[in-house]
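Trainee: The listed protein sequences correspond, in order, to chains A and B. Its first residue numbered 1, the first sequence is counted upward by one per residue in our numbering. Its first residue numbered 1, the second sequence is counted upward by one per residue in our numbering.
Treat the hints with care, as some may be off.
Pairs of lysine to aspartate or glutamate residues, derived as EDC-like cross-links and limited to a Cα-Cα distance of at most 20 Å, are as follows [claimed, not checked]:
#: 1; chain 1: A; residue 1: K155; chain 2: B; residue 2: D403
#: 2; chain 1: A; residue 1: K155; chain 2: B; residue 2: E317
#: 3; chain 1: B; residue 1: K406; chain 2: B; residue 2: E431
#: 4; chain 1: A; residue 1: K155; chain 2: B; residue 2: E402
#: 5; chain 1: A; residue 1: K261; chain 2: B; residue 2: E343
#: 6; chain 1: A; residue 1: K155; chain 2: B; residue 2: E343
#: 7; chain 1: B; residue 1: K572; chain 2: B; residue 2: E550
#: 8; chain 1: A; residue 1: K155; chain 2: B; residue 2: E342
#: 9; chain 1: A; residue 1: K155; chain 2: A; residue 2: D126
#: 10; chain 1: A; residue 1: K392; chain 2: B; residue 2: D211
Hints were generated in silico from the structure; no laboratory data involved.
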Amino acid sequence: MPDVEHTYLVCLTSLSIFKIVSQRSNRVRRFGPKALIRREYSDSVVGLIAISVVLSLLVACTPKSEQAQSSNSRYDPLPNSVISRISDESLRDYIATLAETVSKSDSSSEAIGRLAMAYDANGFDDTAESAYRASVARYPDQFKWQYLFALRLQKNGDLESAIEVAQEAIKLNDAYPALYVRLGSWLLDRGQPAAANDAFERAVELGAGPAAELGAARSHLKLENHSAALEILRSVVTRTSHPVAFRLLSDTWRELGDEEKSREYLEYVTQTKSMWFDDPLLAEMREHTRGNGERMRDVELMLGSGLVDDALLALKSLDSESAPDFNVQYHYALAYFQNQAFDQAEQHLKRAIELEPVHYPSHLLLASLYQRRDDNVNAANHLEHVVKIYPKLQIAHQELGFVRLRLGDTNGALESLEAAISLDSTAPNVHYYAGVILGERGLCERALEKFETALALERNHAKARIGVSECVRALSLSDSSNTSAPNE
Amino acid sequence: MTSLRSWFGRFNHFHPAIQLLCVLCSTLTVLSCMEEPSDTHSSPNVWFDEAASTRGLAFSHVSGASGEFHLPEITGGGVALLDVENDGDLDVYFIQSGFLHSEQPDSRRNELYLNNGDGTFRKSEQLDDHADPGYGMGVATGDYDNDGDVDIYVTNVGRNTLLQNDGTGLFMDVTTIAGVGDESWGTATSFADFDRDGFLDLYVANYLHWDPSTALDCYATNIETYCVPLHNYAAMDRVFRNNGDGTFTDRSLSAGLASAFGNGLGVVSVDVNNDGRVDVFVANDSMVNQLWINQGDFTFVNDAWYWGSAMDDHGIEKAGMGVATGDFDEDADFDVLVVNIEEQTDSYFRNEVSYFTDATGVVSLGAHSRRYTRFGLIVSDLDNDSCYDLYQANGSVYHDEEDLQKVDYFQEPNTLYRGTCDGRFELVSPEGGTAQPVIHTSRGMAIGDLDGDGSQDLVVVNKDSPASLLMNVSDQEAASSSIRFRVLNEHDRDAYNARVTAHLAQRILTKRVQTDGSYLSAHDPHVHFGIGAETELTDVTVLWEDGESELFGTFAVDGLYTLIRGNGETVK
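So that you can see chain B by itself, here it is in the shape it has in the complex (with noise of 0.2 Å):
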């Protein structure tokens, strides 16, 4: 207060001009003072630059809306990260829907973008011939065929198709001698050794039975829009048992999926009880969710009632559309998060290892996630600062007047949350941690680090609109780093739901060997690990799908390993 008195002293011998522009100055400065602060939220750096155009990824989905408001258009689309030439970087595979009357077939073909090593991309023609003619969903990768190259899935509005890699990124429909072409309408797919005989099995989400013919007209606030699923029946799932031979047999029935299913929109495979077996969670639309327990035997149960994932806290059924798992809480078990339609919370399902907790409120979601409607969905380590981050990506699925003046009637921001690391999300400014906002109606995406840099990027499918490619920037200058591994089984493929367990200093972290999850997507395989400022993993251990440990040992920082059946000591 002093040192201002004799500020102001000294102020009045000044040039009045002078005088009165430093007034002016300083009632600016003072006004701009009183300017409310801007939203509350913690972190306003920006974590990804948004680099599609520039990197090359020119990909632009289509979903042939047509004013007819045919419930497909609302629903698509995936995209998969993986390494079709086995050249050691993240191609993309975008799953393209298209026009439903197939007058334009050309407007449903699939494209593949081909990794120039440094996270840039061309378009592959190659793969024109093999694009997959379906009105695309989503999409699964893995080595069916053990052949050491990774296959794709994809599922659509009528027969899915399997693509068989030839080992340089070359494909081939062999869905008949497969026989996998299930007929309904597929979306969400996981590939995933069930019965653990060394040949990956797939799961199969069906959404409902729906028929342009029969649509029906669906309003909300007297305009036309999207059908609610409960205007049609749901689907059965599908489950397919991998002969050994490049050939599958459905097992839906056996299997016991005829017990219970649903609005099928999200699947992952993963061992939720511990005992070695892959179980599936299966996120329904405006429908209880499955819990498949695997029974050992080629059988499931769905036990999502006790095990309390069938529904919310509240007793609610949820629209279920994309879903995550990893060991959030750091107990050696996997939990499970699945995000619904607007109005709803997300649910963090918390393993109890015999059954969740529905613990949204706990880690601070069930606070904002009402706001938009999530579909994609990645828990991961995004700013490697060794805590679980959490992005969404949003886009409604139904509009009202209100909507009518916006582009795009159903877009919404993306939303990114930062992992406090005692077990809370909270969430971050910028929204979506994008400098300019990624605003569309937002499906399919996937993570993986597409440049070779230590952090993961993600890629995610916007209805009728060019991809979103984000760049992950969010490390530049922290003190955060990571460690990569490739985890390969006996036959030289990713070793799906293998668990790679490693000592961060006093914590002990649990991760998988996954790829599905999110919407309608596949991931990149390798596990990813942040260390912060760590400089290295100790005891890294993995457990094989068939219950054997191996102890790899010690792991240096920012760097990439590949962890080999057999090359560790056995752990018994």
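Looking at chain A on its own, in the form it has when it is part of the complex (with noise of 0.2 Å):
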């Protein structure tokens, strides 16, 4: 229905209404005193019919967007039966206490959006979108609620509505760098390059590094704008190494018909990797991370990512505040392994074992911590823990046939490798080391057999080459010297 024609029809009932009402009160005052009593409950009755009808016109009338704005400017907290359920005592008790904050007294924009974060930051995503909405209901001038909200939106699945808040955001604050690395992003998912690589490029204007270059490299892919996109990339590649990079310039090739340099860019791409950006209000919700779960979460992350400082530095705080926890320690060991710290990580490792004796990722890190130093004695002994606890894990019983070769213990060492085999007989190393066993054995032709089936599982792997041509050597030799025998 048309607005004015609407508003129009509102006004008119109204008017109706409070005709009624008065007629009904004239005709009161025409009759006698029973008739009025009763008549006067009889108009009571309509006046506040007639009253209800009004607020409810009034309400109608009302603004729509002032409607929606006070009912999102409501949430659905997350019920105390829900937070009661809670198992990690930190968490509840962080919860439960900002939700009272909020409840009783402090309704600022701080003590919402910081509820809202803990919601965010925890897992709690349905109660955090609401929550983040009405912080910005309440709060529809400041940012960053706006920016929150719009990423929690996307995350739950809603870009549309992810987009609209995005671009809401912008009018309070144009420069904030990572928002339009997220919305150029978030309008490649809908199918926009154009207006993905606008805001590309303004996230690069504002000193988003290569993560927004590459997006604009990305968006002008998607317009076919082959040239723009190889300038940028040619730039980022000589200032990062990032495979997403190196997968782009492969792509932008391939489009334009190279193949062999598009496979030459392919080369460089081993892994998936996603880029990273300097994002401080997520860095601050995060903060709000209470528990172990969501935090260790947040650790295996920063791990994935190489961000080993931040790791060391959320494990510490996991560590101060909850009980002794094997997988605190074990995430401990796995950061300073990644920075080559193995005296910290060895530490560690052991604190894990000791509080969880059969935790067989511990054992098998330290066992590759001790090859490294060339300890196989120890390395040994530990693998032996993890084949124990785990007697299906290909990769111990491969190892441990690799330290015990080393130990000189051929017979343990054939042991393990035909285990491993049995598991996945896809590892080259393994059959190339069970040959060399064989081999040295005289066990020439079932040497010849392992070696034959590394190379067809690795066709460049040198030493089984070497094997294969020894071992068809050496049973040549045997075959002439046997043909050879009788004649002499």
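Given two chains presented individually in distinct reference frames, assemble the corresponding complex, making use of the accompanying hints.
Mentor: Encoded structure:
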């Protein structure tokens, strides 16, 4: 219904109600006392109905945007029944305290926002969306809530709304680089490369770095603007060896029809990794993470992204706030291992095993650490633990085989290598070393079989190739000696 | 406006009670007009009726979930639509998971439901002896022995099973003789003739190395839930070459599969580079996908990195689950769609013959697809308007405290997208296209015309819940019709991967005979063309698996036809 006609009808309806009520009041005055009492009661009912209808109409006359704002500014906090079931005490107390602060007295932007961030950082995705929505409705001029709300909407799968909110956020702050990087990426997902390119280029202007530049290259590629994409990518790869940069270079050459160049650049793409960029507001939100589960996930992400120092900081805070946890110790070790601080890694692995003796990843990592130091005895000891705990773990048998071989225990080594092959026959080195042992024992036919398998699995396995030729020579010598024997 | 004013003039003469009543009514009308419109999606019509219970499909999946959060519990199971007795209608074979600890072996029996000929079903009791005792995952269907009936291959957590059909719907376990009892955690699987010798070979995707005794405890926001697959080592896939005598040879190593493997969950065997040889696309969970390009000598080279299908456009390896292929953009090659975990978009890999372009955003799947974790996947013409539509069976894989309020922690609604015929998909309301949303932890899903009415129906497996039978009612009023083909090769078996090309007015549509795809499931092998308001398909041509083509001519609307090799006119 068009707005003008709609408003006109509402106003006419309101006027007619007042008219009915006033007509009925006039009639009451024209009748006797009994009728007066009865009609007064009746008129009161009519009056009440009329008032309620008028109130309804007032609500109806309220502009839609105001209604929406009013309902948006409310939110459904996490029910107490859910809060009370949160198993991690620190998280439960944290959420409960923040929620109580908001419900009792403090409805400031910071209080509601803090609660929203706490929900967000700890995996309460729907409640976080609701709380951000309330923050934005109550404090529409604050960039931080608009931005975090957009992020949450996108993560919750509502990309359209996320883009809408992000565009509102830009009106409040047009100089936050991370927003443009994200918006560009979302617009690409929505199939709008030209708009995405605008966003990425603005992010580049604001100094968002390679993530923004790669985004711009991606959008150019979508727009089939290959030369612009190439220009950006050639510049980026001089500053970073991030796999996304090389993949995009490969894609560009592929689309230009140069398969050779495309494949050449693919050689540099050995892993997938998302491009990191600075986002202080996201970092602020993540500071609200409590409880080990979610924080451990963050630690894993940090370690996966090579942010070892950040991971160590997060682990330190976890370690100081919670009861001793083997998983924390293990992740400490992983972080130190990445930093090549092997002594510290060893300490934490020993602590992890002390706390959880059957945690096989700790044994495995410790064995790897001892192998680095050529301490094969200790390495074998921990690998034997792993094999006992997890007999179907191929890698444990494989490594134990290698370690035993270094220790000169060829029987044990062969046993381990055969066990590894029975679990997974696709590792060329396992076949190769089994072949070496068999060859040394003079079992050339069996050794040849192993070397050939290693070669089938890895065509350029030089040692296996040598093994094959040595075995073939030994076998042919043996054949010739066998055949020549009668003549002699 | 004038008419409103004159109406108000007359209104003053009515009895006050009537006046009040009118005012209240008009007020309520106005207020109702003030309400925000419900979701903005396009067509409000119902596409499917849920009819499992009324049509006798009584299967209920059992995951054996014990509170220990063992990974297999959240992964199964699949379903196959196939004609086990060769009586011309589609029967339904369900893969049961059951209890991991086998104290209750009966809990693992797969179930076969026979079609009464009208889309109603009765449970086959005869299957019980051959129902496969494994903790079931997926299924492939195909006539591996070329004896004119369809056989079944079942993947399990543990030894897989090959069930040979005797032609009457009775099955015998021939796994040991055939040599296909791979012991890994098998998931998606596909029959295809990789060496073009006339016999169906077998590709089996394996998920990961998992052992309950060493499974880790995993947490999401501090409550225990299912682990992500990265805590385990990926398992190598297997490819078995059919020897043509009822046995297979495991050619995985010599075929080159050891060069790359991941946590495989979705598989399609399809010729992506139009060289006449069947390639294999594998969707991996949280690892890069593989694209095995068939070299023609029963070896394969993984070229997913070059083709651009290893990861998505952002450079991220996604958690791939279900997969589907089709010539979505009508350029005579097969595109691939992969569905992923929540927070990750679908991946639409548009085929450019020698590589893929990630065109997810272009087809409008980037905006809506992140909300749920998608497993089962159908891309087919569901409303017979001649354009591809999209159905996704959803259900999460982990839960957090917020989900503890739900009966089923992992449940999510299914989603339906209508193809707009200009290459995009738009979300349909009501969600999932049913009057009452189907909200379960859905997994496998298969498509086929179960009641022979010319429209395609869906069967969905729901974790720890009754299966859904979604009978298609989308074209009851619209001007939409279909033509279906059964395509048989010289062995009288469904000619898997044969391409059927047809002219529909000015358009050229290309489809293939396929049963693989979706998630852990096997579809009806009939080739289905929705033709909208048109009345015929012309120049219907079949490109057989060995590269020869035959022209079969023109076919009229609302028919089911059989295209038999040798009955057409050879095309050079």
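Trainee: What hint numbers does the structure not satisfy?
Mentor: Of the numbered hints given earlier, the structure breaks just one, which is hint 5.
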